[in-house]
Amino acid sequence: MKRIAYVVVVLCLLLTSSVWAEEAKAKVDGIAPVTPTSPVKAVAPVEEKAPEQGKVFTSIGNLLQFYGQLRLDYSLDTSECAGGGNWVFWVLRDRNKAVGDRDFSDNKGSESNIHARNTRLGFKIKGTHIDVLKADLSGKFEIDFFGGETGTANWKAIPRLRVGALTLDWGWVELMAGNNWDTFSTLYPSSDDNAINWWTGNLGARRTMLRLSFKPMIGDKTRLWVQAAIARPFDISGQDYDNLNQVGTETDLNADGIITAKDEYGRDTGEVKAAAKGNGVNDGEASKIPQIQWRVAIESPIWTKTNFLFGLSGHYQRGKYSKPIINKENSKTISTTDSYHIGAELVLPIIDELLLRGEAFYGQSLKDVMGGLGQDINTYTGEEIKGMGGWAELYGKPFGLWHLALGFAIDTPDDGTMDVGSAAALEALRFSHWSVYFSNMFNFGSGFGARLGYTYMRTEYRIAKDATYATTDYIKENANNHRVNVAMFYKF
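Position one of the sequence shown corresponds to residue 1 (our numbering), numbered consecutively onward.
Each hint should be verified, as a subset may be incorrect.
[To be verified] Below are the BS3-like pairs computed for lysine-lysine, each with C-alpha atoms no more than 30 Å apart in a straight line:
hint, residue 1, residue 2
1, 305, 221
2, 328, 126
3, 397, 491
4, 140, 124
5, 386, 320
6, 126, 140
7, 386, 156
8, 320, 140
9, 491, 140
10, 323, 386
11, 140, 221
12, 320, 215
13, 140, 215
14, 386, 476
15, 156, 140
16, 397, 221
17, 305, 55
18, 386, 288
19, 55, 140
20, 134, 215
21, 320, 55
22, 288, 397
23, 134, 156
24, 491, 124
25, 140, 305
26, 328, 288
27, 386, 328
28, 126, 55
29, 323, 124
30, 305, 126
31, 332, 288
32, 221, 124
33, 320, 332
34, 134, 221
Because the hints were derived from the structure by calculation, they are not lab data.
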């Protein structure tokens, strides 16, 4: 009798589990489950499919999909660059040249780097429908390993949050909350530089924000995007310029009242920092005004498979100083700084396998949004540095497994807003930076691929002819770099 009882229990468990599995499958397929108590309905046969890789159900019925990549990068540079080698921002000037030696050569600091920091892990969550709000819930979480030191100790790489955001979707209206990519920059160049041309014409990174998107369809195929967001101000630059150029507030200032930054090797990067360390409060937080982002774009198919896209976007944020900055030119005080830009984006399909893509911008105090060549405030006048830039590329797929891109990127701060009062301060500034890149990507199947890219870049500096500097009494010096990057990756 005990054996018969065991058999009955097992049969009951099997029946129960099969009904649960049918209900779980119905949540994905959108088909009402057939239970012993429900009437049998005539439905179209459903094709048997293998479970999708990386997808699992959570305990409350959400669908969780893991993704990521394992990647190795090797790069060779003919000159030292800001960024520690794993990525590059601009070329460092040759500080070993004698006065008058202007041969426009590399800075003779060639180096090579190998790292796996581009390894990435994330997951997407497809939530169940929220009946009370009439909204679909979803989420995304993603990390890489560019946290901590970026040029040394790669074996101690620290995870860095890329995306961590939830989304409520009502169809043509969407609300996103969390850490995500900036609203005003939706395109990214195809260069092999891990910095994706930051401070070389490509604005936009990631930060914490709340974004509202309207995305109605116009007709059957055209979509309109109207987006606005509030975000944490100066979250990337950490701007804190209180006491800038106040005499006697800092013991390690040089004769020009500036401090230049050092990289992880102790080398001078040429980046001008505030003359004082500030008061420990982010200037944007002190202003009590969040960063405001906006974007208006239209997306529509034309004569190719890839959609045509054109958009306008921008940002605004304000910094406030507890102690005003002193303008050394006229002794006036400055209590706030305004950071803004307006930009344009374009995707123009030429044929099915060839696209023209790019962005352009103009604005001021752009360091926090990856512009201005990493410069935002004139440390001599206390005023914002203006500038413009952008990037453009031809992106093609001549064969199924081979993708290639040829592009140009540039960032040019406005000379008129970079006046300084001494030779040393002049030589610490960067007046333009541009690059030409050629990138190849090969997809061999099953998620395995490789990249091979070449980039030529040039950064313009200005050297005073003598110690008694006058505004126009300088010589241009260009620092050049040739960079080759090879990568191997497995995406899953």
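Hint check:
1. 305 / 221: Satisfied, since the Cα-Cα distance of roughly 12 Å is no more than 30 Å.
2. 328 / 126: 57 Å, violated
3. 397 / 491: 19 Å, holds
4. 140 / 124: 4 Å, holds
5. 386 / 320: 18 Å, holds
6. 126 / 140: 9 Å, holds
7. 386 / 156: 38 Å, violated
8. 320 / 140: Outside the cut-off at roughly 34 Å; violated.
9. 491 / 140: With a Cα-Cα distance of about 17 Å, the restraint between residue 491 and residue 140 holds, given a limit of 30 Å.
10. 323 / 386: 23 Å, holds
11. 140 / 221: 27 Å, holds
12. 320 / 215: Not OK: residue 320 and residue 215 at ~35 Å, beyond 30 Å, violated.
13. 140 / 215: Distance of about 20 Å is within 30 Å: holds.
14. 386 / 476: 20 Å, holds
15. 156 / 140: At roughly 26 Å apart (the allowed maximum being 30 Å), residue 140 and residue 156 satisfy the hint.
16. 397 / 221: 24 Å, holds
17. 305 / 55: 29 Å, holds
18. 386 / 288: 24 Å, holds
19. 55 / 140: The given pair, whose Cα atoms are some 14 Å apart, holds under the 30 Å limit.
20. 134 / 215: Holds, because 17 Å separates the two Cα atoms, which is no more than 30 Å.
21. 320 / 55: Violated. Residue 320 to residue 55 sits at ~48 Å, over the 30 Å cutoff.
22. 288 / 397: With Cα atoms ~48 Å apart, residue 288 and residue 397 exceed 30 Å; violated.
23. 134 / 156: 45 Å, violated
24. 491 / 124: 15 Å, holds
25. 140 / 305: 27 Å, holds
26. 328 / 288: Holds, because 28 Å separates the two Cα atoms, which is no more than 30 Å.
27. 386 / 328: 19 Å, holds
28. 126 / 55: Holds - the C-alpha atoms of residue 55 and residue 126 are around 10 Å apart, at most 30 Å.
29. 323 / 124: Distance of about 46 Å is beyond 30 Å: violated.
30. 305 / 126: Satisfied, since the Cα-Cα distance of roughly 27 Å is no more than 30 Å.
31. 332 / 288: 24 Å, holds
32. 221 / 124: Between residue 221 and residue 124 the Cα gap is close to 26 Å, so the pair holds against 30 Å.
33. 320 / 332: 16 Å, holds
34. 134 / 221: 25 Å, holds
Consistency note: the structure conflicts with the earlier hints numbered 2, 7, 8, 12, 21, 22, 23 and 29.
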